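Enquirer: Since chain A is already given, all that's left is putting chain B on it; use the hints.
Going down the list, the protein sequences come from chains A and B.
Residue numbering for the first sequence follows numbering that gives the first Met the number 0, beginning at 0 and increasing consecutively.
Residue numbering for the second sequence follows numbering that gives the first Met the number 0, beginning at 0 and increasing consecutively.
Everything labelled a hint here was simulated from the structure, so no lab data went into it.
Incorrect hints may have been included.
Any copy, or any two copies together, can satisfy a pair, since identical chains are not distinguished.
[Unchecked claim] Here are the simulated lysine-lysine pairs, DSSO-like style, with alpha carbons at most 27 angstroms apart:
1. K255 <-> K381
2. K201 <-> K190
3. K388 <-> K372
4. K268 <-> K196
5. K392 <-> K382
6. K366 <-> K343
7. K362 <-> K31
8. K69 <-> K55
9. K384 <-> K414
10. K255 <-> K407
11. K343 <-> K26
12. K31 <-> K151
13. K115 <-> K293
14. K373 <-> K26
15. K314 <-> K245
16. K336 <-> K417
17. K366 <-> K384
18. K157 <-> K223
19. K373 <-> K31
20. K315 <-> K90
21. K50 <-> K69
22. K196 <-> K234
23. K366 <-> K255
24. K255 <-> K229
25. K115 <-> K26
Quick caveat, the model's predicted, so the values are computed rather than measured.
Protein chains: 2
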Amino acid sequence: MNKTEPRTLPGFMELLPQEQILMNQMKDTIRKNYEKFGFLPLDTPIIEDSKVLLAKAGGETEKQIYRFNKGDNDLSLRFDLTVPLAKYVAKNYGELAFPFRRYQIGKVYRGERQQKGRFREFYQCDIDIIGDGTLSIINDAELPNVIYNTFKELGFGKFTICINNRKILNGFFEYLALEDLSADILRIIDKIEKIGKENVIKELQDLKIDLEKINQIISFLEIKGSTDEKLQALKDLKISNEKFEKGLQELEDVVKYIRLFEVPEENFKIDLTIARGLDYYTGTVYETFLDDYKSLGSICSGGRYENLAEYYTDKKLPGVGISIGLTRLFYQLNEMKLIQTEKKSIADILIISMTEDFEYVAKIANKFRNEGKKVQIYFEDKKVKAQFKYADKLQIPYTVIIGEDEVKAKTYTIKNMKTGEQEMV
Amino acid sequence: MNKTEPRTLPGFMELLPQEQILMNQMKDTIRKNYEKFGFLPLDTPIIEDSKVLLAKAGGETEKQIYRFNKGDNDLSLRFDLTVPLAKYVAKNYGELAFPFRRYQIGKVYRGERQQKGRFREFYQCDIDIIGDGTLSIINDAELPNVIYNTFKELGFGKFTICINNRKILNGFFEYLALEDLSADILRIIDKIEKIGKENVIKELQDLKIDLEKINQIISFLEIKGSTDEKLQALKDLKISNEKFEKGLQELEDVVKYIRLFEVPEENFKIDLTIARGLDYYTGTVYETFLDDYKSLGSICSGGRYENLAEYYTDKKLPGVGISIGLTRLFYQLNEMKLIQTEKKSIADILIISMTEDFEYVAKIANKFRNEGKKVQIYFEDKKVKAQFKYADKLQIPYTVIIGEDEVKAKTYTIKNMKTGEQEMV
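Looking at chain A on its own, in the form it has when it is part of the complex:
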């Protein structure tokens, strides 16, 4: 028979079992923490009607979309979890209790240019809180608290949740009479970490902004110090602009509540350079960095938006949300050997039987399973040495050996596969 090469498409993550266990542990930790704060689970289809999914999309995103026809239907694979959420909330508005707090952990699809570490199928782990008409600013402090709890448990060392407010930026540009250029300016200053100050200045000059204003923008972006010092410095600017003042008040409130939630000072900071490229953020914005691995970029981002579902409904639905790009994060941490590799096995125990009395073997397996242990019995007719090798390869921490002696004595021998210690029980 002609054989087809069993290949997996590039840009699609497919892990070996031991890596998959680690990936699942991360996913479970994220889910556990999202649920700890009472977020409700959602699971929307991966395929949507293109008309619905692309009601808002355009530009770069639309080009990346997996779009195709099946029969008479024009279909697309979801490219994020936010648009399906907007559809869902608009569709089920009458059934939901607001504030509607949901999490969704699922795969999304983007036909990105092929590149190492870039994925075309990847997990997003989102939480959003959607208000009906209004939504308290305290929610903007709740999300950093969830993220703090999540990354603390994930255990990849120190991390910092960076916070800013788009109203401060937008108000500042209004004050400079540069509001028509604010989208462009935001896009440019968003890149300051990547391209450096000089290039930001250059790009701002290309927009024909005069140097005095550019200097004001740069000194604004370079406000330094502790969280309280930054807040004070922003006040000291005495910018009499309504939007700016509102944004500053929001940022102060968010900081206040983050502290009340007992998120440690070292795990969050104000970063006035964060703008998030996307148009729909209107208030608080977040990015999160691993302190020792800043080169990974933001591993968890999001923000406040005015109106989740305006393409589907007249209802005003403000929200705040944040997303972990799990596949990319896992890939990077794994490449850097940063993922804890201690427990790689599903099974706690492999039972190795050297007896014809299978009844006793099965009883011992049931006993351990009833105690909550994960147990595999080795059934194949292989030498004991091969069975130990199997346990080693699967990193199963304990083997239970049952020979004729053990059957007679109604005992079993347990072996710690790491230390080699054996004990008859």
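Expert: This is chain B only, laid out in the frame that chain A set:
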């Protein structure tokens, strides 16, 4: 702005949060039981190269496939989890430890004709055990044990795992010199539950099988009695055919080991009418029925196959597997109001605050979360009555009320939302 109707495609399940919680509970229970037996997790891409995915497929399945081009790539969405497993095992043969035991719980796609209760996107929950060259018959008894544990915990009442062996059927047809027609005959007798005995006879006659042989087939299929009586009746047929005898021996062994695994007698039986339509089953076959809801059809099916990955590799990889069609099962049980609806909430506690002292409120929330409770704080500026209504709508079992009195006394009031009982703690 023109609004797009926020619709979800027909044939795609999208649940309200309280149903989603129940669905997730089922998924978690299945996963937990699969892991209890040491099955390793797998998560393969939903999109595969069509050439790889369709190496084997043909006929009805191929017509249902979501297949499309993206750039120069001919892509397809997976229609089951078995073909991706075959690809995976062939691709990673050198990295895996055999027997390779994996579970996969994931969505698959089939563009079925639109029909109530039929889904185009649905979860399959599969376990398979793959041997390298050989695989002990004990594995064929392990799967019913896993399924027994799983459905016992899912708790939908009595269920029966029906077991047969294709070699018995095939050997029987060989003995009747009808082996050339065996695929057709299997296809027909597989439908006996659906179309009845008379129609089976009629369809067998259409194959030009003479009446004497048809009668032998029917009396074979009508062997009755307990498991042991059926095994004895099969022996008593004294059919001197190697395949038949091998199948009978395998079936006896499977029954023996199922009993040693302590699966209760009431939860399994031999059913000689089960053939499973698919060509690739070569030994043990399974179907599972809820005793009180037989009309649901088999809710968990599978069997033994000779060669998992022959389209990708020369390695002989025998396996045995079984699959739960979760989406359809959930839909049907939910329609019949059979799913336990007691606990519908994620949050255990909603904190209702009537104080300006948010610090105290946040401390209480942290305290409960550290104790492992899932806690939501109500942040919005709404009347207390509205907050209680919110807890009710989300079915949150307890509210914790914190007013000025509680802050002063460093206490809180806890209310059981079901009974209305309140207590200050």
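Enquirer: If a hint holds in the structure, say so; if it does not, say that too.
Expert: Hint by hint, here is what the structure shows:
| no. | hint | in the structure |
| --- | --- | --- |
| 1 | K255 <-> K381 | between (64 angstroms within a copy, 21 angstroms between copies) |
| 2 | K201 <-> K190 | within (12 angstroms within a copy, 75 angstroms between copies) |
| 3 | K388 <-> K372 | within (21 angstroms within a copy, 42 angstroms between copies) |
| 4 | K268 <-> K196 | within (20 angstroms within a copy, 75 angstroms between copies) |
| 5 | K392 <-> K382 | within (16 angstroms within a copy, 60 angstroms between copies) |
| 6 | K366 <-> K343 | within (23 angstroms within a copy, 32 angstroms between copies) |
| 7 | K362 <-> K31 | between (33 angstroms within a copy, 20 angstroms between copies) |
| 8 | K69 <-> K55 | both (22 angstroms within a copy, 22 angstroms between copies) |
| 9 | K384 <-> K414 | within (13 angstroms within a copy, 60 angstroms between copies) |
| 10 | K255 <-> K407 | between (68 angstroms within a copy, 22 angstroms between copies) |
| 11 | K343 <-> K26 | both (15 angstroms within a copy, 22 angstroms between copies) |
| 12 | K31 <-> K151 | both (13 angstroms within a copy, 25 angstroms between copies) |
| 13 | K115 <-> K293 | within (18 angstroms within a copy, 51 angstroms between copies) |
| 14 | K373 <-> K26 | both (20 angstroms within a copy, 18 angstroms between copies) |
| 15 | K314 <-> K245 | within (24 angstroms within a copy, 68 angstroms between copies) |
| 16 | K336 <-> K417 | within (21 angstroms within a copy, 50 angstroms between copies) |
| 17 | K366 <-> K384 | within (25 angstroms within a copy, 50 angstroms between copies) |
| 18 | K157 <-> K223 | within (21 angstroms within a copy, 68 angstroms between copies) |
| 19 | K373 <-> K31 | both (21 angstroms within a copy, 9 angstroms between copies) |
| 20 | K315 <-> K90 | within (14 angstroms within a copy, 51 angstroms between copies) |
| 21 | K50 <-> K69 | both (14 angstroms within a copy, 19 angstroms between copies) |
| 22 | K196 <-> K234 | within (24 angstroms within a copy, 87 angstroms between copies) |
| 23 | K366 <-> K255 | between (52 angstroms within a copy, 19 angstroms between copies) |
| 24 | K255 <-> K229 | within (14 angstroms within a copy, 74 angstroms between copies) |
| 25 | K115 <-> K26 | within (22 angstroms within a copy, 33 angstroms between copies) |
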